[in-house]
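Colleague: Given the coordinates of chain A, work out where chain B should sit on it, guided by the hints.
2 protein chains.
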Amino acid sequence: QTLRALFQYKPQNIDELMINTGDFIYVDPSQQSSVCEGWVIGTSHRTGCRGFLPENYTERASESDTWVKHREYVLTTTPRFLTRTKNEPNEKLNGEVLSSSMSRSLTNILPQQNSTLQRGVLVMRHGERVDQVFGKSWLQQCLTAEGKYYRADLNFPSTLPKRKDGVSHFEYDPPLSCCGVFQSRLIGEALLDHEVTVNYIYSSPALRCIQTAQHVLQGLKLDNKVKIRVEPGLFEWTKWEASRVIPNFMTVTELAEASYKIDTSYRGNFSLSSLVPSESYEEYVSRSSAVIKQIITSCSSKGVILIVGHGSSLTSLTRPLIGLPARDSSDFAQVVRKIPSLGVCFCEEVKEESKWQVANPPVTTLTHGANAAFNWRNVIVEH
Amino acid sequence: QTLRALFQYKPQNIDELMINTGDFIYVDPSQQSSVCEGWVIGTSHRTGCRGFLPENYTERASESDTWVKHREYVLTTTPRFLTRTKNEPNEKLNGEVLSSSMSRSLTNILPQQNSTLQRGVLVMRHGERVDQVFGKSWLQQCLTAEGKYYRADLNFPSTLPKRKDGVSHFEYDPPLSCCGVFQSRLIGEALLDHEVTVNYIYSSPALRCIQTAQHVLQGLKLDNKVKIRVEPGLFEWTKWEASRVIPNFMTVTELAEASYKIDTSYRGNFSLSSLVPSESYEEYVSRSSAVIKQIITSCSSKGVILIVGHGSSLTSLTRPLIGLPARDSSDFAQVVRKIPSLGVCFCEEVKEESKWQVANPPVTTLTHGANAAFNWRNVIVEH
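Protein chains in written order, with UniProt numbering: chain A, 1 to 383; chain B, 1 to 383.
Only chain A is shown next, with the shape it has when bound in the complex (with noise of 0.2 Å):
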């Protein structure tokens, strides 16, 4: 069994493994009787030291994740992406030598330049939202007695939107967080690097998403020529996020007037009276799959068509569109708890066979720390 490691973990006992992000870990079951709840005893793929280690540091990679060397040359035999990359480090790609850093990389590797332009669909996640911080009470937090919104933390956004039936409805539709606008912001210019060319941008009506593609499309410079398209359908399985009540999102007409560029004349596939509480996980899978099939008929330009929704979105669109059946609901929830801030999953159309691919993004991962609160009167004075 083979683990990957999701944070840096500084060895606190002789005994234990130092592991960066990214390391791989081997892990042999047979060995793991004697240890303590949450530990496990594994051998580091980049050091081949052994030790224990957290298993919440970690997830379940695949073996064939650690096939290092057979990937990078899949990589460069097969140039076939539709967006340019400056500074590529090519070397490495064909370089001999196999540092210690190379297992870091699998999910790094950029795309080759190619100049044939196909379709694209890249999927996104949104960015931090304000209650994956501070929880479900965090409009308490910044509300005074008498609902006047303030900052309580520099994380929480300057300013709410208006809305015109009260601040209490941001409670089931929360707005992203400052460092989430950040992580939207700098996915945007990203992608601006890579020159990837987008032409379509669709939404989730979820604030945090339509506030990520506001960002994302601002770091792209395209927020005057990209309209937002909400489409109601990419909301998310309403049984995880609205078990009694669909929320009641911010209308188009409201987020054209806090400066959100909507398309206004854009009717969605699905209207936002079809979205019901609590439904199957069948009911939300073929909504899914239907969404995605529209959104591609009705996208024909060439160049990129980005999707903002949410974790789940990243395998309930992309799974139908490379012709693959919908996970088990057990494994969907497992595989999506996993699925950061702006994590992205991409597809492109293979042109010849009318079919789809998955396919390198054009972005690396962004991996940041967290930042906790602390109290200065304990830093000077007490003890």
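None of these hints come from the bench; they were simulated from the model.
Please read these numbers as outputs of a predicted model, since none were measured by experiment.
Built from N, CA and C at the ideal position, the CB exists for glycine as well.
A few of these clues could be false.
Label pairs and their in silico Cβ distance ranges [stated by the list, open to error]:
1) A:D28 - B:A290: 23 to 33 Å
2) A:S158 - B:N13: 35 to 45 Å
3) A:S278 - B:V381: 44 to 54 Å
4) A:E146 - B:S30: 51 to 61 Å
5) B:D263 - A:Y266: 47 to 57 Å
6) B:S298 - A:T251: 57 to 67 Å
7) B:S298 - A:S158: 27 to 37 Å
8) A:T43 - B:V276: 36 to 46 Å
9) A:P11 - B:D165: 29 to 39 Å
10) A:K221 - B:S329: 32 to 42 Å
11) B:E55 - A:T47: 23 to 33 Å
12) A:S158 - B:V276: 42 to 52 Å
13) A:T43 - B:K338: 45 to 55 Å
14) B:V381 - A:T251: 36 to 46 Å
Modeller: For chain B alone, kept in the frame of chain A given last:
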């Protein structure tokens, strides 16, 4: 014993406790005997619920931190701050109702408006550094076999500044990550929002501190007005940072050529050559105490003196200023370890008595989550 939650924790089991960042949790040491290692059983001050929680999601709090009401009143009866604040939630401060989020706002209450401008010292830790996210091997991860820099993850800076002695010297003097730049800019903008008057800015010679200073100044829109004074005496305790040799810092000339707004005429109170590797704690304490006194003496204008240093600076510079002895060295390590990126401490001068006292910082905390790398192949195709 009281703990303070550093992160949100969502229960995975029925017997676990939901905690939000900033929550206080009461823990009875006599009840912990049968609890699995790494877990404690506690009662939430906010919800009154009882259950298991992961100990490493918390830090030890002072008992008196939960004396909320008393502290709130102290703040409203001493309008002695030198900064002005917009959108002040005064209603809340003077209100009768102690809402459930009151304990959280403890560290976040903003100073009162006051037109009397005094001298203040704002000590700030630098932003997120690349090696904090990517580990000690960060430079290997983003250099090609030919030694050319490329951005292996979007949180690496898009370029590195030029330095004559070669890129390898960044290993011991790492730059900010993109997230670190975001954090610095955000604090600068918040200082501008609160109309804080910064007249002087000092920085440790470490690149991450100079970059933090630069981006804070940009956020403050002061980057063409106030120049950065690079003060070698502000460098980290060399026992932690430079056990064998002091890093080769970028020279003031190189920094200026790389567009950092440096005061090239400034001569440090300490010279670079006076920094010795592996200095004793006493040597570090005495250096810190000397440097803060020299800074205070040479900055006579009213307004804020901003000092960008290391986590350790927040205690080692402020305690001599307000007349407290240095912490003992084990205590020191404990406290410093918990200071987040852009953590700040603030002291102000009491003119009548010609001494300094601790005060509420002019900006609130900055709390955000981590973002992990993931492998898109697992999402679409693999199990």
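Colleague: Do the Cβ positions of S298 of chain B and T251 of chain A conform to the proposed distance bound of 57 to 67 Å?
Modeller: Distance hint for S298 of chain B, T251 of chain A holds at roughly 58 Å.
Colleague: Given a hinted range of 32 to 42 Å, is it respected by the beta-carbon distance of K221 of chain A and S329 of chain B?
Modeller: The hint (32 to 42 Å, Cβ to Cβ) is violated, given that K221 of chain A and S329 of chain B are roughly 52 Å apart.
Colleague: Looking only at beta-carbon atoms, does the pair T43 of chain A, V276 of chain B fall within the given range of 36 to 46 Å?
Modeller: Given about 40 Å between the Cβ atoms, the range holds.
Colleague: Taking 47 to 57 Å as the stated bounds, is the beta-carbon spacing between D263 of chain B and Y266 of chain A within them?
Modeller: Holds, since D263 of chain B and Y266 of chain A (Cβ atoms, about 54 Å apart) stay within the stated range.
Colleague: Using the C-beta atoms of P11 of chain A and D165 of chain B, is the stated range 29 to 39 Å upheld?
Modeller: holds, 32 Å
Colleague: Does the hinted range 35 to 45 Å hold for S158 of chain A and N13 of chain B at CB?
Modeller: For S158 of chain A and N13 of chain B the Cβ distance comes to about 38 Å; the hint holds.
Colleague: Between S158 of chain A and V276 of chain B, does the beta-carbon spacing fit 42 to 52 Å?
Modeller: holds, 45 Å
Colleague: Between E55 of chain B and T47 of chain A, is the Cβ distance one that fits in 23 to 33 Å?
Modeller: holds, 28 Å
Colleague: Take the C-beta atom of S278 of chain A and the C-beta atom of V381 of chain B, compute their distance, and say whether it sits inside 44 to 54 Å.
Modeller: At roughly 29 Å between Cβ atoms, V381 of chain B and S278 of chain A fall outside 44 to 54 Å, so the hint is violated.
Colleague: Is the distance from the Cβ of V381 of chain B to the Cβ of T251 of chain A consistent with 36 to 46 Å?
Modeller: Taking Cβ atoms as reference, V381 of chain B and T251 of chain A lie about 38 Å apart, which means the hint holds.
Colleague: Mind checking the hinted window 27 to 37 Å against the Cβ distance between S298 of chain B and S158 of chain A?
Modeller: Check passed, 35 Å falls within 27 to 37 Å.
Colleague: Okay, E146 of chain A versus S30 of chain B on CB: inside 51 to 61 Å?
Modeller: violated, 44 Å
Checked against the numbered hints above, the structure violates hints 1, 3, 4, 10 and 13; every other hint is satisfied.
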